[in-house]
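J.: So the sequence lines, in the order shown, correspond to chains V and A. Start counting the first sequence at 1; every next residue gets the next number (the UniProt record's numbering). Start counting the second sequence at 1; every next residue gets the next number (the UniProt record's numbering).
Some hints could be false.
If chains are identical, the list can't say which one is meant, so a pair holds when it fits in one copy or spans any two.
With a straight-line Cα cutoff of 35 Å, these simulated DSBU-like cross-link-like pairs (lysine-lysine) come out [said to hold, decoys possible]:
no.	residue 1	residue 2
1	K73	K271
2	K218	K240
3	K236	K271
4	K267	K111
5	K218	K236
6	K292	K236
7	K218	K267
8	K248	K19
9	K290	K248
10	K120	K240
11	K240	K267
12	K298	K73
13	K290	K120
14	K111	K313
15	K236	K73
16	K292	K120
17	K292	K69
18	K292	K313
19	K19	K240
20	K267	K73
21	K298	K120
22	K19	K218
23	K313	K271
If you're looking for bench data, these hints aren't it; they were derived computationally from the structure.
Number of protein chains: 2
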Amino acid sequence: MTMYIPTLSDVIDAHERIKPHIHRTPVLTSSFINSLAGAELYFKCENFQKAGAFKARGASNAVFGLSDKQAAKGVATHSSGNHGTCLSYAAGQRGIPCTVVMPRTAPQAKKDAVRGYGGKVVECEPSTSSREAVFAEVVAESGAEFVHPYNDPRVIAGQATCSKELIEQVDGLDAVIAPIGGGGMVSGTCLALSNLASHIAIYAAEPEQADDAYRSFKAGHIIADDAPDTVADGLKVPLKDLTWHFVKNHVTDILTASEEEIIDAMKLIWKRMKIVMEPSSAVPLATILKNKDLFAGKRVGVIVTGGNVDLDKLPWQ
Amino acid sequence: MTMYIPTLSDVIDAHERIKPHIHRTPVLTSSFINSLAGAELYFKCENFQKAGAFKARGASNAVFGLSDKQAAKGVATHSSGNHGTCLSYAAGQRGIPCTVVMPRTAPQAKKDAVRGYGGKVVECEPSTSSREAVFAEVVAESGAEFVHPYNDPRVIAGQATCSKELIEQVDGLDAVIAPIGGGGMVSGTCLALSNLASHIAIYAAEPEQADDAYRSFKAGHIIADDAPDTVADGLKVPLKDLTWHFVKNHVTDILTASEEEIIDAMKLIWKRMKIVMEPSSAVPLATILKNKDLFAGKRVGVIVTGGNVDLDKLPWQ
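Construct all of the structure, not just a fragment, from the sequences and the given hints.
T.: Quick look at the structure:
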C-alpha cells in the first residue's frame, strides 16, 4: 500500500475546513517559568481546545472532509483516549454517527466523554485481538469510515494547523517542542514547520518509561515498547509508518524525562500558570528544565496538548 | 474621620498607573457551562493576573501612587491572603520595602509567596490584639505606608480597573457578578460600572457559611460574622465603611451558596474550562446555577478573582 504524505496545501485546506469547529487557542507565558528555564517559553494551550485536546483538529479535518455519502454512514475508531472523545465531538458537529471501540475496563469518564458529545461506545475485551475483531464487526455492519488516532494523513494535516497558528501568533521562534506518543502532533508540527518556517528546530519530548520513539530515532527504525507504563498515559502508543516518516526526516532530537520530572513540571505549570493540563502535556517542560543549555536564551514554542485529567486522581497525591 | 470616596477619574488614573505592572487578563467562555446555566457567561480571568489574583491591581495602584519620599519608607499590611502577596509583588516592581504581618500559624506557602516577591514576613500570634500590636510596631519603626486589603480608596480604584477592562472586552453585558468578602472587588465593580455602564446589574456572591455581607445588605447596616468557616477562605473578612458605602448604594442583590455548591462549581470550572481557580472564585457560578431564572438568557460577566490554591489539599478530596 502506497502511503500518502500530506502536504502544505492539505494543511491550508484543513485549517479553512475546521476553523468553524475549533478554537484558535491562546498562547500563554509565565515570567516565573521563563526565569527558571533561562529561555522564553510560549505555551500553545490546546488544553483549551474543543473537547479539551488538540485531537479535535485532526478529527474535525477527517470528519468534515468526508463526502456526504460517506459521512451518512458515520465514522469509527478505537481509542480510549482523547481521539475517541474528539472524533465524537467532530461527528456531533457534523450531525453524523460516531462509534468508538473501547476496552470495557476503560475509565468511566472516558466512556462518558464520548457519549457526552453524542457518540456510541462499543466495548471490547482489553486485548488487541478482541479490539480488532469488535472493530472489524462495527465497520462491516455500519460502513463507517475508520479514522485512525494518528496514522492518517487527514489527521496529521489537521494537527498541523496547531503549529501553523503558533507561528502566526508568536514571531521569531527558534524551536518548537511537543510530546510524542504515536507521533500525530509531532508529525503535524513537522509538516507545518518544514514548509512554513524550516529554520525552527523541532523537538519531541517523551517519558523515559515509554521511550519507544527515542529508541526508534536513535536506531533508525520503528521500535515498539512492550507494555509501557507512565503517568503520561496519552503517550504509550507506538509510532506507525506515516508518523515515523515525519519524525525520521524532520525532528532535531527526542528528549526524555523521568516520571518524577514530569509530575514536578505538571504541578509547576498548574501552580504558576493556573491552567489544568494532562501529564502528557508536561513532558516538554520537564525536558526543557533538564536540558537548559540546549534552550538557553531561545524562544521556544511548547505545545500543551490537552487538559482532560481525572481531578480525583492527580499524580502528586 | 471623613471618608474619601474614589471617583471615575481615580479609576482612569489607576488604570494608566498600573498598566505596565498588571496583565489585561483574558475573558473565557464555555459552551458547556453556558448550556447548563441557560445564560451567556463571560469569565474575567484574574487567576491569570500577576501574583495570581486581582489584588495585584489595587496593590499596584497604592504602591505606584506614593510619592518618592513615602515610597522610600516602604509599605506594610496585615494579610495572610492574596493581598499580602500582591502588595509584595507591587513593592518589588517599584523596588521598595514591603512588610506583611501574618499569624505564625499561617500556611507556609503564603509566607513563601510574600518572600518570593521580595517582601518581609513578620509573624504575630493568631489574635487580633497581637496582630494590631505587632503591626503598630512595624509602622512606627519603618514609617511604612499602611495599605489596607480593601478599605482603602486607592485599592478600590485599582480593583475597579478589572470591570473597566471587562466592559471594554465584552459588549452588551446585562449583569456582572463577583464574590464578596471584605468587598474590595465588589466596590471596585460598583465604582466602575455605576459610572461607565450604570444599566448593568451588579450581584455579589457569598458563601452561606460566611454570609455577613448578605445579612448586612438585608439589615441595612454592617453585621460582622463571628469566626466564619468556609472553603472559600478569601471571603471570611467583614465589610468596612468604605466598601459598605458601595455595596449599599450600587449592588442589586447578594446571593449565597452552600459549601457543596461552591465545591461542585469549582470542580466544574476546572474540569470544563481547564483553569485553576480558588474556591472563592467559584461562588459566583454556584449562585448562578441555583438562581437560573434570575440570569436566564442574560449576558453575565463573572469575575474569577484568583488562582492561588493549595494543589495538595483540594476541597473535593
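J.: Next step is simple, just say for each hint if it's right about the structure.
T.: Right, here's what the structure says about each hint:
{"no.": "1", "hint": "K73 x K271", "verdict": "between (45 Å within a copy, 32 Å between copies)"}
{"no.": "2", "hint": "K218 x K240", "verdict": "within (16 Å within a copy, 66 Å between copies)"}
{"no.": "3", "hint": "K236 x K271", "verdict": "both (26 Å within a copy, 23 Å between copies)"}
{"no.": "4", "hint": "K267 x K111", "verdict": "both (26 Å within a copy, 19 Å between copies)"}
{"no.": "5", "hint": "K218 x K236", "verdict": "within (18 Å within a copy, 58 Å between copies)"}
{"no.": "6", "hint": "K292 x K236", "verdict": "within (26 Å within a copy, 43 Å between copies)"}
{"no.": "7", "hint": "K218 x K267", "verdict": "within (30 Å within a copy, 43 Å between copies)"}
{"no.": "8", "hint": "K248 x K19", "verdict": "within (30 Å within a copy, 47 Å between copies)"}
{"no.": "9", "hint": "K290 x K248", "verdict": "within (24 Å within a copy, 55 Å between copies)"}
{"no.": "10", "hint": "K120 x K240", "verdict": "within (26 Å within a copy, 56 Å between copies)"}
{"no.": "11", "hint": "K240 x K267", "verdict": "within (31 Å within a copy, 37 Å between copies)"}
{"no.": "12", "hint": "K298 x K73", "verdict": "neither (48 Å within a copy, 39 Å between copies)"}
{"no.": "13", "hint": "K290 x K120", "verdict": "between (42 Å within a copy, 32 Å between copies)"}
{"no.": "14", "hint": "K111 x K313", "verdict": "both (17 Å within a copy, 28 Å between copies)"}
{"no.": "15", "hint": "K236 x K73", "verdict": "within (31 Å within a copy, 57 Å between copies)"}
{"no.": "16", "hint": "K292 x K120", "verdict": "between (45 Å within a copy, 31 Å between copies)"}
{"no.": "17", "hint": "K292 x K69", "verdict": "neither (52 Å within a copy, 42 Å between copies)"}
{"no.": "18", "hint": "K292 x K313", "verdict": "both (31 Å within a copy, 31 Å between copies)"}
{"no.": "19", "hint": "K19 x K240", "verdict": "within (28 Å within a copy, 50 Å between copies)"}
{"no.": "20", "hint": "K267 x K73", "verdict": "neither (43 Å within a copy, 37 Å between copies)"}
{"no.": "21", "hint": "K298 x K120", "verdict": "between (45 Å within a copy, 34 Å between copies)"}
{"no.": "22", "hint": "K19 x K218", "verdict": "neither (37 Å within a copy, 49 Å between copies)"}
{"no.": "23", "hint": "K313 x K271", "verdict": "both (17 Å within a copy, 13 Å between copies)"}
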